[in-house]
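*Asks:* Residues per chain are reported as follows:
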Amino acid sequence: MLKCRNVWKKLAPLARASSTVCRQNVRRAGLPNGRIPARVPVAHMSTGPTGGGGENHLYVLLVGAACLGGGIYAYQTIKGDQQRYQDRINEISSRSQKAATEEPTTPIQSEPPAVKASKTEAVPEPETQAAPSPEEPSPPVPDVELAAAPSETAEPPPEPSPPSEPSPAELTEPPPAPVVESADEPVVEAPPEEAAEPPAARVVEEEQSPPSEPSPAELTEPPPAPVVESEPTAAAAAESPSAEPPEPQPEVVAVSGVDSTPASLKVPSHTPYLLIGGGTASFAAARSIRARDPGAKVLIVTDEPDLPYMRPPLSKELWFSDDPSVTETLRFKQWNGKERSIYFQPASFYINPEELDSAENGGVAVLTGKKVVQMDVRGNKVKLDDETEISYDKCLIATGGVPRNLQVIERAGEEVTQKTTLFRKIDDFKSLDKVTRNIKSITIIGGGFLGSELACALGRRSHESDLEVIQMYPEKGNMGKVLPEYLSNWTTEKVKREGVKVITEALVKSVTCKDDKLEIQLKDGRLVKTDHIVAAVGLEPNVDLAKSAGLEVDSDFGGYRVNAELQARSNIWVAGDAACFYDIRLGRRRVEHHDHAVVSGRLAGENMTGANKPYWHQSMFWSDLGPDVGYEAIGIVDSSLPTVGVFAKATAKDTPKAATEQSGTGIRSESETEDTATSPVASSTPAPAMEQHKDDYGKGVIFYLRDKVVVGIILWNVFNRMPIARKIIKDGEEHADLNEVAKLFNIHED
Amino acid sequence: MSSIREEGKDQIIFVTKEDHATPSSAELVEEDPNDPYEERGLILPSGEINWNCPCLGGMASGPCGTDFKDAFSCFHYSKEEVKGSECLEQFRAMQECMQRYPELYPQEDDKVSETDKTSQDSASAEISGANSTSPTVQDSNTTQPNTEGSVES
Chain F
1 MLKCRNVWKK
11 LAPLARASST
21 VCRQNVRRAG
31 LPNGRIPARV
41 PVAHMSTGPT
51 GGGGENHLYV
61 LLVGAACLGG
71 GIYAYQTIKG
81 DQQRYQDRIN
91 EISSRSQKAA
101 TEEPTTPIQS
111 EPPAVKASKT
121 EAVPEPETQA
131 APSPEEPSPP
141 VPDVELAAAP
151 SETAEPPPEP
161 SPPSEPSPAE
171 LTEPPPAPVV
181 ESADEPVVEA
191 PPEEAAEPPA
201 ARVVEEEQSP
211 PSEPSPAELT
221 EPPPAPVVES
231 EPTAAAAAES
241 PSAEPPEPQP
251 EVVAVSGVDS
261 TPASLKVPSH
271 TPYLLIGGGT
281 ASFAAARSIR
291 ARDPGAKVLI
301 VTDEPDLPYM
311 RPPLSKELWF
321 SDDPSVTETL
331 RFKQWNGKER
341 SIYFQPASFY
351 INPEELDSAE
361 NGGVAVLTGK
371 KVVQMDVRGN
381 KVKLDDETEI
391 SYDKCLIATG
401 GVPRNLQVIE
411 RAGEEVTQKT
421 TLFRKIDDFK
431 SLDKVTRNIK
441 SITIIGGGFL
451 GSELACALGR
461 RSHESDLEVI
471 QMYPEKGNMG
481 KVLPEYLSNW
491 TTEKVKREGV
501 KVITEALVKS
511 VTCKDDKLEI
521 QLKDGRLVKT
531 DHIVAAVGLE
541 PNVDLAKSAG
551 LEVDSDFGGY
561 RVNAELQARS
571 NIWVAGDAAC
581 FYDIRLGRRR
591 VEHHDHAVVS
601 GRLAGENMTG
611 ANKPYWHQSM
621 FWSDLGPDVG
631 YEAIGIVDSS
641 LPTVGVFAKA
651 TAKDTPKAAT
661 EQSGTGIRSE
671 SETEDTATSP
681 VASSTPAPAM
691 EQHKDDYGKG
701 VIFYLRDKVV
711 VGIILWNVFN
721 RMPIARKIIK
731 DGEEHADLNE
741 VAKLFNIHED
Chain A
1 MSSIREEGKD
11 QIIFVTKEDH
21 ATPSSAELVE
31 EDPNDPYEER
41 GLILPSGEIN
51 WNCPCLGGMA
61 SGPCGTDFKD
71 AFSCFHYSKE
81 EVKGSECLEQ
91 FRAMQECMQR
101 YPELYPQEDD
111 KVSETDKTSQ
121 DSASAEISGA
131 NSTSPTVQDS
141 NTTQPNTEGS
151 VES
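Line by line, the protein sequences give chains F and A.
Just so you know, we're using the numbering used here here: the first sequence kicks off at 1 and counts up by one.
Just so you know, we're using the numbering used here here: the second sequence kicks off at 1 and counts up by one.
I should point out that these hints are in silico values taken from the structure, not numbers from a laboratory.
For clarity, every value in this text was computed on a predicted model and none was experimentally measured.
Cβ coordinates follow ideal geometry from the N, Cα and C atoms, glycine included.
Just so you know, not all the hints are guaranteed correct.
[Unchecked claim] No more than 20 Å apart at the CA atoms, straight line, and that leaves these computed lysine to any residue pairs for SDA-like: (1) F:K727 / A:D35; (2) F:K727 / A:P33; (3) F:K730 / A:V29; (4) F:K434 / F:D393; (5) F:K708 / A:Q11; (6) F:K727 / A:P36; (7) F:K316 / F:N336; (8) F:K730 / A:S24; (9) F:K730 / A:N34; (10) F:K517 / F:L467; (11) F:K730 / A:S25.
[What the hints assert, rightly or not] Partial list, computed: chain A residues near chain F (C-beta under 8 Å): (12) D10; (13) N52; (14) P63; (15) A93.
[Stated by the list, open to error] From the derived model, a few chain A residues whose C-beta atoms are all more than 10 Å from chain F: (16) L44; (17) S78; (18) K79; (19) V82; (20) Q99.
Build the full structure now, drawing on both the sequences and the hints.
*Replies:* As structure tokens, then:
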């Protein structure tokens, strides 16, 4: 108390001086709304109207203008506060009706004044708690002070003291006393007495009450609002010598919190990092963000019911599993014997969305079964299909795509579509597995990666069961759009050997359902009868959000158009299948492969945490057509480009199986990156005795050229040499003799 | 002898082992060690740890990510004779955290635990990744499992 009085004594003269000048100015101007502190003693100073000269007038003018401005501002703020107070009271009264006890209401009443008073009122606070009426003098003061601090969201002064527009007369009255123990207050508190300096008060208030900031208006969850507001109270109160307030306050916090929790608010309304889509790219980004931004809070929103998982095994390894419960466990045995789940991480890795806000070290939360339907880029928020809104700081769109369907099938009617599978998700795998156990014949339409892999996988199954597997496509051979013709033909022979009936150059004209069997009519007249169809005819990138978000869609490749850093607009990145990005080396493209999803997801995560790196590390892809034929590829691998293939004869040791055994990993894209950390599994298993391939194309390297520069490379049954291939593409050089380049791969070695 | 065949726009070359015995005359562009775009290994050129290295798997990003980072950073910057000897506390904290998530960090009692293995391998990756390897680092790699072993028991 003493300290404050001393300070007050020091500052009083200044106060008096400015107030005098103020009053004089107002009198002169004749303005009625200047809030003059009426209690300030009248004292004549040397700088009276008779003294000084022009510069004095200037001084007086400036001070007067400041007073005026401050006065007007205070008046307006109070008016606004009154409205907000009213709203707040209404809200609280609706909530306090739910309050079981009488207690919450009283503390709530005293709580806001404490909040508003920040630390100044802390002392008078406990004393006035029990008696609401004496609160009148103090709340009006904080009211005005707070009037100057619009950042304070809670305006409900105690109900017993209705007039929320305190006369400025009271402005100066209590402060001298409550200018309290809080040591850092006094100097700052005294000047705010003056109507002349409400802006300063506002600044002060803001500094003092950062804890109450986090609950801006009623945008965010109301329940935390009273909780948060109570916190500064507790904090403020804690500073006062009196121990009373802190104790009831936390209880109030708990009570008011419990009473007023609406049921719908399980989803965080704000997240620093929002990832739309729960696939490979999204997971890679989440991992990247967490690695680079310690304690980051990441929210993944996906419309699938599953946690993030990898897709390649859905068309390969899962079908080779001996486990009858594989559709439930979704675990597959890798070639090296190690078993793993297709889920990137088990459920314990993630935290619940409800806990995301409060998680100390942050975490990754996955919100399943919810679809983002609208995006507000200016407001940095999205809307879900259940009307929930989530705001974000940085957002990643990794929505992937939806399998395309043949128009003839879509138009063919329900009976046909029911017997058609579009294969992409876990559910599709489960249903296809079930279907194939009960039917006699299945047809796969499509000769690309997915179609060929599924055909081979089902073909293997046909050995055990009675299943007829047919594959049909418009090209001349499997992977016709990827492999040069000679290799495509060779591959087709391989697929046939896996037990698949291949129909090439097949264009589907119509599909009908007769006697519970499907009849596929081809344009050249052939008729194929089958029980079930799998359509693997491409992927349609999901750009549903483009319209509401105002994002550009690429007309050539489809997908969201992004720059080399994978950014679409400020705070929005796109990765994975849905991203049409600019590859510095190879030009604009859109890639639908697993490793690309990982690489682009990781890059997007890095850029979301400030890295600003372009797409540079070239992603690769691979495919296995049965255990004997496999290849890895990188870059632009388009069969329409001129190619140069360099081959050697394959030995029994060159198979995909042996490659993974050696590197100790199951997924081939991981074999080069994870190799450094995982100790290689000592492969003492002798290579399985296999017949020597009579064909010429045992193993080799195929270069794809564009304007004499290598833009794509396929490693045909040659493994663990991807870094060399990557380097060649990165260089982008014109090589005169590609045979010399092929030497770098040591294709004759293991 | 290599044979060359043309099929339309595609060229096919068959080579024997002898054909490829001579060193390649193809020239590759020299790597820039300071290329900012390049994907880095475990240790960045500045000497810092690259937490985003794929070789770490999910170690730095999972629920025990913070503990892992603390422990591994301590080890990495340790200048002790027995590298990491002052980091027992951090490693213990990391172990404790990992034990709370047995699904994520499977602990095998009979073999070296996953955490040990990964830390070891991360350490060995560090060694292989870094250009300058000091003998002390090599030694400490072997001693580290002992330290961790004692922590475990």
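*Asks:* Could you run down the list of hints and mark each one as holding or not?
*Replies:* Results for each hint:
1. F:K727 / A:D35: holds (14 Å)
2. F:K727 / A:P33: holds (14 Å)
3. F:K730 / A:V29: Measuring from Cα to Cα gives roughly 9 Å; hence the hint holds.
4. F:K434 / F:D393: Not OK: K434 (chain F) and D393 (chain F) at ~43 Å, beyond 20 Å, violated.
5. F:K708 / A:Q11: Within the cut-off at roughly 13 Å; holds.
6. F:K727 / A:P36: Since the Cα atoms of K727 (chain F) and P36 (chain A) sit roughly 16 Å apart, the hinted pair holds (cutoff 20 Å).
7. F:K316 / F:N336: Between K316 (chain F) and N336 (chain F) the Cα gap is close to 15 Å, so the pair holds against 20 Å.
8. F:K730 / A:S24: holds (18 Å)
9. F:K730 / A:N34: Between K730 (chain F) and N34 (chain A) the Cα gap is close to 16 Å, so the pair holds against 20 Å.
10. F:K517 / F:L467: Within the cut-off at roughly 15 Å; holds.
11. F:K730 / A:S25: holds (18 Å)
12. D10: Nearest chain F Cβ about 4 Å off; hint holds.
13. N52: Interface hint status for N52 (chain A): holds (4 Å vs cutoff 8 Å).
14. P63: holds (6 Å)
15. A93: Not OK, violated: A93 (chain A) not within 8 Å of chain F, min 12 Å.
16. L44: The assertion about L44 (chain A) holds, with a minimum of 12 Å to chain F.
17. S78: holds (20 Å)
18. K79: holds (24 Å)
19. V82: For V82 (chain A), whose nearest Cβ neighbour in chain F is about 23 Å away, the distance exceeds 10 Å, so it holds.
20. Q99: Q99 (chain A) is indeed farther than 10 Å from all Cβ atoms of chain F, at 12 Å.
Checked against the numbered hints above, the structure violates hints 4 and 15; every other hint is satisfied.
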